[in-house]
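A.B. asks: Under my numbering, the residues of the sequence shown are numbered 113 to 608, in order.
A couple of the hints might just be wrong.
Mimicking PhoX-like on lysine-lysine, the simulated pairs with C-alpha atoms at most 20 Å apart in a straight line are [unchecked claim]: (1) 596 with 185; (2) 216 with 185; (3) 185 with 237; (4) 604 with 185; (5) 144 with 185; (6) 259 with 237.
FRET-style restraints, in silico, Cβ to Cβ [what the hints assert, rightly or not]: (7) 530 with 412: 39 to 49 Å; (8) 340 with 412: 35 to 45 Å; (9) 256 with 478: 37 to 47 Å; (10) 419 with 310: 23 to 33 Å; (11) 557 with 298: 43 to 53 Å; (12) 464 with 343: 31 to 41 Å.
Derived from the structure by calculation, the hints contain no laboratory data. As the structure is a prediction and not an experimental result, all values here were calculated from the model. Glycine included, C-beta positions come from ideal geometry on N, C-alpha and C.
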Amino acid sequence: MTQGARKTRVIIAGGGTAGWMTAAAIGKTLEKVVDVTLVESDAIGTVGVGEATIPSLLTFNRLLGIDEAAFLKSVNGTFKLGIAFENWRDVDHRYIHSFGVTGKDHWTAGFQHFWRRGQDMGIAKDFGEYCLELVAAEQEKFAHLPKFGLNYAYHIDSSAYAAFLRQMAENHGVTRREGRIESVARAGSGDIESITLEDGTQLEGDLFIDCTGFRALLIGQALGVGYDDWTHWLPCDRAIAVQTSSVGDPLPYTRSIAHGAGWRWKIPLQHRTGNGIVFCSRYMSEDEALAQLLDSVDGEILTEPRTIPFRTGTRRDHWKRNCVSIGLSSGFIEPLESTSIHLIQKAVMRLLYLFPHDGIRGAETEEFNTQMMDEIEHIRDFIILHYHLTDRQDTDFWRHCRSMDIPESLRHRMELFAQTGRVFRAADELFAENSWTQVMLGQGLSPDTWHPIADVMEPDEIRRFLDHIEENVQRTVADMPSHKAYIDSYCKAAQR
113 MTQGARKTRV IIAGGGTAGW MTAAAIGKTL EKVVDVTLVE SDAIGTVGVG
163 EATIPSLLTF NRLLGIDEAA FLKSVNGTFK LGIAFENWRD VDHRYIHSFG
213 VTGKDHWTAG FQHFWRRGQD MGIAKDFGEY CLELVAAEQE KFAHLPKFGL
263 NYAYHIDSSA YAAFLRQMAE NHGVTRREGR IESVARAGSG DIESITLEDG
313 TQLEGDLFID CTGFRALLIG QALGVGYDDW THWLPCDRAI AVQTSSVGDP
363 LPYTRSIAHG AGWRWKIPLQ HRTGNGIVFC SRYMSEDEAL AQLLDSVDGE
413 ILTEPRTIPF RTGTRRDHWK RNCVSIGLSS GFIEPLESTS IHLIQKAVMR
463 LLYLFPHDGI RGAETEEFNT QMMDEIEHIR DFIILHYHLT DRQDTDFWRH
513 CRSMDIPESL RHRMELFAQT GRVFRAADEL FAENSWTQVM LGQGLSPDTW
563 HPIADVMEPD EIRRFLDHIE ENVQRTVADM PSHKAYIDSY CKAAQR
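Using the sequences and the hints given, assemble the complete structure.
C.D. replies: Okay, structure coming up:
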């Protein structure tokens, strides 16, 4: 189509978090030049367990002009400062992967080098004692600090978030059509031409966005884009989710508790707790997993347990012809590091950066696919790290994870850190040096040595340097209110 001749017709197939994040962002940003229709069926449920997020969601919400307090009230949200990993390195071992930065870096080397020298001198405390977010999480504190001094994310009711975004999207001209997709028609060129609903309604479009979840009706079934299976690296293939009533004050972090064949999550909202178990069906039956999950929950069970089969991996192309896959249709990495909503957000933002205005160009789709594949492979490696780098040998599952082959990209990162303490990463990579450092140390990998910049400091300087950082962290946290008190004063949701 010629630029300016008419609005670009965008058809979003599927709702849920992926569909409504996409609709709200496109509607808010490009309302004057696009005509957006979202198709979803009330009869088709959504996965809806992506309730823990990472700090990048703050950026997305700010770009959409969302008021934080109003948003948190509507989604019964709490604040998240990181993830507590229990039983991952070994049974009864615990550490926190927190947001933010630990200590103070030098431009030549991360803080872990100075800490490692202090450790060798016998004066360094636990690595986490030098991280503001981690200490605040442990003490169950929270506050907004000047100059965004505390890094955080949210625990949210993802269904409520989708409803919140739906209202925003419809305020910016997005049309919702109720109905189940019956068929997908392709033009002679191979592009998708239209979708037909069960009631016979035909919707034509220029750009189609597949948010149909694991079914991948457009990108997979209609266009035949293949899927790279990563279960040889990430063997878990089932999850069971259940919601319970809250029995105490919400923690400002997610709990990830490893078990004999996977892990369990606990995600605290204001009004309830999200619980789930992720497991590998080769090593644990569904009945065993359900029994373990129900035995572990606190509070009244509010929903029927729901089993979610999955296959970890990625579409070989996330954008094919005039179809972009966003959310589960594009691939899946288990929610161990709360990356599901982040991947939706990045796909939406990249689509907006590369939005076609007068036809689809191969260079745009190629760039989109390259960036999305780089992103998901970096995240994949980070998740594999948690499973492979472990001292656990108590079950067949963990013995398999310890001994399995891993991607060469991950092997290099681990060897580099073990030998030198260095972490190098791509410029746009999600997980920063501090994240890799916290998890590798938490899982038991400590560097043999440190950067020579740490030797420039005299022993007394190292001691004062470490002590000053730790004292500042403790002083700042001491002045914070409790997480619960801050929620009550800032964003308390209406009682249900």
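A.B. asks: Are the hints correct? Go through all of them and say.
C.D. replies: Do the hints match the structure? See the list:
| no. | hint | verdict |
| --- | --- | --- |
| 1 | 596 with 185 | holds, 14 Å |
| 2 | 216 with 185 | violated, 35 Å |
| 3 | 185 with 237 | violated, 38 Å |
| 4 | 604 with 185 | holds, 6 Å |
| 5 | 144 with 185 | violated, 30 Å |
| 6 | 259 with 237 | violated, 27 Å |
| 7 | 530 with 412: 39 to 49 Å | holds, 47 Å |
| 8 | 340 with 412: 35 to 45 Å | holds, 41 Å |
| 9 | 256 with 478: 37 to 47 Å | holds, 41 Å |
| 10 | 419 with 310: 23 to 33 Å | holds, 26 Å |
| 11 | 557 with 298: 43 to 53 Å | holds, 50 Å |
| 12 | 464 with 343: 31 to 41 Å | holds, 32 Å |
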